Amino acid sequence: MNATCPRPIASLFSILTLAAVLSFFSIAPAKAASEEAAAAFVDGLGKKALSSLTAPELGQAEREKRVRSLLNSYFDVNTIAKFALGTNWRNANETQRAEYLKLFEGMIVKTYAQRFSEYSGQELKIGKATKASERDTVVASQIIQPDGPPVSVEWRVRDQGGSMKIIDVIVERISMSVTQRSDFASVIEGGGGNIDALLETLRKRAGK
Amino acid sequence: MTTAANIRFCKTFFVLVLCAGLTFGLGACAKSQSPESGYKAGAIADPIEPVNRAIFAFNTAFDRFLFEPTAKIYDAVFPGFVKDSVQSFMRNLRSPLIIANNLLQGQIGDAGVATARFIINTTAGVAGLVDVAAGQGLMYEDEDFGQTLAVWGLGDGMYVVLPILGPSSLRDAGGKVVDFAGDPLQLWANNTHNDWVYITRGAIEGIDNRARVIKAVEDLRKNSLDYYAAVRSAYVQRRHAVINDQDPQTSASLPDYDEQY
Chain W
25 MNATCPRPIA
35 SLFSILTLAA
45 VLSFFSIAPA
55 KAASEEAAAA
65 FVDGLGKKAL
75 SSLTAPELGQ
85 AEREKRVRSL
95 LNSYFDVNTI
105 AKFALGTNWR
115 NANETQRAEY
125 LKLFEGMIVK
135 TYAQRFSEYS
145 GQELKIGKAT
155 KASERDTVVA
165 SQIIQPDGPP
175 VSVEWRVRDQ
185 GGSMKIIDVI
195 VERISMSVTQ
205 RSDFASVIEG
215 GGGNIDALLE
225 TLRKRAGK
Chain P
34 MTTAANIRFC
44 KTFFVLVLCA
54 GLTFGLGACA
64 KSQSPESGYK
74 AGAIADPIEP
84 VNRAIFAFNT
94 AFDRFLFEPT
104 AKIYDAVFPG
114 FVKDSVQSFM
124 RNLRSPLIIA
134 NNLLQGQIGD
144 AGVATARFII
154 NTTAGVAGLV
164 DVAAGQGLMY
174 EDEDFGQTLA
184 VWGLGDGMYV
194 VLPILGPSSL
204 RDAGGKVVDF
214 AGDPLQLWAN
224 NTHNDWVYIT
234 RGAIEGIDNR
244 ARVIKAVEDL
254 RKNSLDYYAA
264 VRSAYVQRRH
274 AVINDQDPQT
284 SASLPDYDEQ
294 Y
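First to last, the sequence lines map onto chains W and P. Residues 25 to 232 in the working numbering are what the first sequence spells out, letter by letter. Residues 34 to 294 in the working numbering are what the second sequence spells out, letter by letter.
Hint data in this document are derived by calculation from the structure and do not stem from the laboratory. Honestly, I wouldn't trust all of these hints.
Each computed DSBU-like pair below joins lysine-lysine, with the alpha-carbon atoms no more than 35 Å apart [stated by the list, open to error]:
1) Lys189/W to Lys228/W
2) Lys72/W to Lys248/P
3) Lys116/P to Lys134/W
4) Lys105/P to Lys89/W
5) Lys105/P to Lys72/W
Note that the structure is a prediction, hence the values are computed from the model and not measured.
With the rest of the complex left out, here is chain W (with noise of 0.2 Å):
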């Protein structure tokens, strides 16, 4: 620093200084801070998963009341019902929305109470999470087999406002997400267009 240069000045100069050097630090530890978030939010989810959803002789009704439970402190099931259905979304009418995600909602619970009743001794790994938008980070993980290769799954969290929630699971690069979204418009497509031909689908697979 320039000797001669007058005391205010200089004091001005050393507080910016280190008000640079404070928020440098700052800043780092706080981004790194929301991925480890993320990180331990799924390392969370999974072993409660495995702690409360993988008894055997849990019965099919209780399994599918814990699933739902966990989906909905997890998982921004709307957000993710929404996605789904794409441009459909906007078509639809209240009536049908409100049965959709509802029937939306019962299909992931049934699914999940069935995979998890098959449960034989998978483990989830986390591995790295990384910042993938402004709100959202990717959480990448590795589910264990004993009698097969890993499996890679990527969990993706989003941010909303102190809380977290899982908006998107990709399986080996397959996102569940996108793969439901081209399922569900082929149905609505081969019904003419019609998201009743959906609703009908749905509506008989949780009568099954």
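Assemble chain P onto chain W, guided by the hints.
Showing chain P alone in chain W's frame:
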């Protein structure tokens, strides 16, 4: 013309026609792979859907009655290390193709890795039965001519379901033909009238690959509303990830959730 020469001529002709078809037919749809976003991720044109669905139905029946049961038996009978050896051996046989496609894609580093893998696994790995190289951090990465064409800027063209071989695209089906025609093992087998070699290779490779996705396929079949549409989407998403040589740890193409509904 002798029969053998005849077959060779037909094959060459077939390859030429396909290459021409690729060059001219796809010229119109050729566009470089843009970063997939939104609902376009996992989307592909499917103008011959009725034909594809018919072949898909045939493939599904074939799979359920023959392919899947065989894969299940293979999976149950052989211990993990044997299956790993089968996979390593089959992958090692593909090395020349992988190296060539890496070079064609301008991925010199990857070509080096594939070459090192080939040398190490063929020697220290006992003719490719053990993937020693992977233990040294030299990981296997699948490359084929379809991917090379994609890197060169050719689009998918359209979705094509091939009999027995399953989901593909016009570009990747063409790529398969070129890979087949250029495969040193196939050329050797063909020239020495040992056609059984690559037929056996294909069958074993198919069963081994199928055995690795028994649960995944079952899950998709059970939990999709329209199995055909779900498989199409899953295939295209995975294929695009492989073309972009995407590391699963840093998957970049996530669906865009912020669009207006």
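Hints, verified against the model:
no., hint, in the structure
1, Lys189/W to Lys228/W, "holds (29 Å)"
2, Lys72/W to Lys248/P, "holds (23 Å)"
3, Lys116/P to Lys134/W, "holds (33 Å)"
4, Lys105/P to Lys89/W, "holds (33 Å)"
5, Lys105/P to Lys72/W, "holds (32 Å)"
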